[in-house]
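Chemist: Chains E and X, in that order, give the protein sequences.
Per the numbering used here, the very first residue in the first sequence carries number 681; after that it's consecutive.
Per the numbering used here, the very first residue in the second sequence carries number 681; after that it's consecutive.
Be aware that a few hints might be false.
The list treats identical chains as interchangeable, and a pair is accepted whether it falls inside one copy or across any two copies.
Below, simulated DMTMM-like cross-link-like pairs (lysine to aspartate or glutamate); rule was C-alpha separation at most 20 Å, straight line [unchecked claim]:
| no. | residue 1 | residue 2 |
| --- | --- | --- |
| 1 | K794 | D910 |
| 2 | K875 | D889 |
| 3 | K988 | D976 |
| 4 | K1030 | D692 |
| 5 | K713 | E806 |
| 6 | K875 | D910 |
| 7 | K798 | E785 |
| 8 | K988 | E1032 |
| 9 | K799 | D715 |
| 10 | K799 | E785 |
| 11 | K799 | E766 |
Honestly, the hints are just simulated from the structure, not real lab data.
Number of protein chains: 2
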Amino acid sequence: MPTIQGTRLMADLRRLAEFGRYKTGVHRPTYSKVDMEARHWLAHRMTEAGLDGAMGVLYGLELARAFAEDFACTDLAIDVGAWADEEGYYGSLLGSRSFCGEITEADIDAAENKVDGKKLREALSEAGLAGRPRARLDPKRYVGYLEAHVEQGDTLDSSGLRLGIVTGIVGINLYRLTFHGQQNHAGTTRMAVRKDAGVALVRLAAAIDRRFPEVAGPRSVWTTGRITLDPGAPSVIPGAAEMLFQFRDVEPERLAVMERALETLVAEANAQGPCRCELETISHNPPHAMSPIFQDALESAAERHAPKLHLRLPSAAGHDAQVFARHIPAGMLFVPSIGGISHHFAEDTKEEDIVLGCQAFADGAERILRRAA
Amino acid sequence: MPTIQGTRLMADLRRLAEFGRYKTGVHRPTYSKVDMEARHWLAHRMTEAGLDGAMGVLYGLELARAFAEDFACTDLAIDVGAWADEEGYYGSLLGSRSFCGEITEADIDAAENKVDGKKLREALSEAGLAGRPRARLDPKRYVGYLEAHVEQGDTLDSSGLRLGIVTGIVGINLYRLTFHGQQNHAGTTRMAVRKDAGVALVRLAAAIDRRFPEVAGPRSVWTTGRITLDPGAPSVIPGAAEMLFQFRDVEPERLAVMERALETLVAEANAQGPCRCELETISHNPPHAMSPIFQDALESAAERHAPKLHLRLPSAAGHDAQVFARHIPAGMLFVPSIGGISHHFAEDTKEEDIVLGCQAFADGAERILRRAA
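Produce the complete structure using the sequences and hints provided.
Modeler: Written out as structure tokens, the structure is:
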């Protein structure tokens, strides 16, 4: 088994966190100056380790170093990738989709930063990447794709578990619900004759809140992330209202059941009136299953390094692994997030869990490569 | 009885509607070029009618002309006012509050347009009004204040009535409700451990929707005019949420009952958790009663011109009359709004109702003045 060096891994993690340090966390917008400095630093670390110049992430870097240092593993090869813009400033999972051939040059021409509107071409040029040929996946070159990540939820942390073997990445259904009423004066319009689009929205949102626990699966989640009342003034009855609603599950059948429940609630709202409710699908992102063989290998490694302290579970967040799963077998390993906090500067994971996870990841990677050899 | 000329009144109304005409309505922002052109045109019409140069509104203008043309009314005097910014771009009921001595020079220095942020001083200067001394109410000069207005609601129109005698102007309680939850990832955070501020808001808004019909009076109204979820992204559980909620009634006791009901719902929400709900009073505008003597006079005039087709009712919207009611006796007369529509370009009133209302208004004004003489 290639042996990772926890001290080296943690030192690299701490050094990387200096690029764009902000409060207790890190802020590195895609292709910004600090983002590119961090990527160049990583590439340099890869070169130091006697590896290719491709950029990498630190778990991957440590695995590659551990494999290179293990004489028994000279026949096993690992490429390390650090995908740009997984969070999707310029487009969801941009780097991995580009690598997997899912992004055209026209897509790149059209892409803009969703926050400040900057063109992707301009950002690439400022980052010194203009004209650089894009790296492309050669499926014949790889046994599969492995990714490690903090769980971002609290399933592991709240159960005292140390490793999670991802069974699949959830599908996400996202909808826009629009309510059409009649804008009017909030003083002079009697309650009996109002067509208050805001009240219609609140009633439907409350109906979802009551109904969805009955139709959801044990790991389903649903969220109303945005509500807008038009015109949004204290003394005006809203003439229109809009909400963004999404739900997630790893089972396609469960997603279908939840969608039918939503459609029924909308139909009931329209039958009751007086406002009209319109249901529009913004996106259906299907679930992606992880390779069962990879799951078995990762589970065996997890059992060796953290006996009985591991769990198979779906990933409720999107990851680059879902892009690769469309092209080659893919697998993912989770380590706990303290308190389940994610996307916040308070996000953290215990150092011993980071090191343990990396060792199990290396062990699992070896098992997968040996099985395929 | 001074006799109004319906043809002259309607011609002036149509001419006035040319200033700032937009679609089927009129758009004349306070102190804008078209607003000032309209005011100067009005002042000119007043001068033509042999009246003072003070600006006036057309009902008032027609009354002043009718009184001036009636030989029996030479002992009865009417001043006509056209108050600026009743809708409150620079501050609620700005003109009448200035006239009644409720606005200081420091208030004017500080006031900004709520839409574009323009300083009131700058707007006054552009309108050619900089340095002009402000007109001031002399309470000893007046028997009282009368105002006519379209109802803005549908009480008269839906009942086939033609005149409304206003008993009082409703009080308005306005609140900000803030919900404090925990922002987190909408995929990875299990439903059971969420502190979703948006869900807390929806539950409270739905509880108001169920509870308020039980505690409200027959003419009470309540409205959630604005809802904001923070950060308002489809895949983020809202960590904070805010709603603006108001209710109106003409009875102070009813307002108190509704406030207690709201406080109880907030306390219940906080007892249930997991989010904290904070209730903050933005404003308590008390109800203002119209003079009972003025109501009697207007009712007698209404009975003469529209027998049995009139009604005493509260005004659910704010009016300049409520400012005057704090200083001198005040009264108001309503004419029907077609379909109860207001603050919309579709707002309209039948020509015969406009003319009838003006005649009853003149008759009522004479009765009030004769009683005081």
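Chemist: Decide, hint by hint, whether the structure agrees.
Modeler: Outcome of the hint check:
1. In this assembly of identical chains, the alpha carbons of K794 and D910 lie at most 20 Å apart only when taken from different copies (17 Å versus 23 Å within one copy).
2. Taking the shortest Cα distances, K875 and D889 sit within 20 Å of each other only across copies (14 Å), while inside one copy they are farther apart (23 Å).
3. In this homomeric assembly, K988 and D976 come within 20 Å of each other (Cα to Cα) only inside a single copy, at 14 Å, whereas the closest approach across copies is 87 Å.
4. In this assembly of identical chains, K1030 and D692 lie within 20 Å of each other by CA distance solely inside one copy; the values are 15 Å within and 79 Å between copies.
5. Taking identical chains as interchangeable, the C-alpha atoms of K713 and E806 lie at most 20 Å apart only when both belong to the same chain, with a minimum of 9 Å there against 47 Å between chains.
6. Taking the closest pair of Cα atoms, K875 and D910 come within 20 Å of each other only inside a single copy of the chain (13 Å); across copies the shortest separation is 26 Å, beyond that limit.
7. Taking the shortest alpha-carbon separations for K798 and E785, only the intra-copy value of 17 Å comes in at or below 20 Å, while the best inter-copy value is 46 Å.
8. Taking the shortest alpha-carbon separations for K988 and E1032, only the intra-copy value of 17 Å comes in at or below 20 Å, while the best inter-copy value is 86 Å.
9. In this assembly of identical chains, the alpha carbons of K799 and D715 lie at most 20 Å apart only when taken from the same copy (17 Å versus 43 Å across copies).
10. In this assembly of identical chains, K799 and E785 lie within 20 Å of each other by CA distance solely inside one copy; the values are 13 Å within and 49 Å between copies.
11. Taking the closest pair of Cα atoms, K799 and E766 come within 20 Å of each other only inside a single copy of the chain (17 Å); across copies the shortest separation is 45 Å, beyond that limit.
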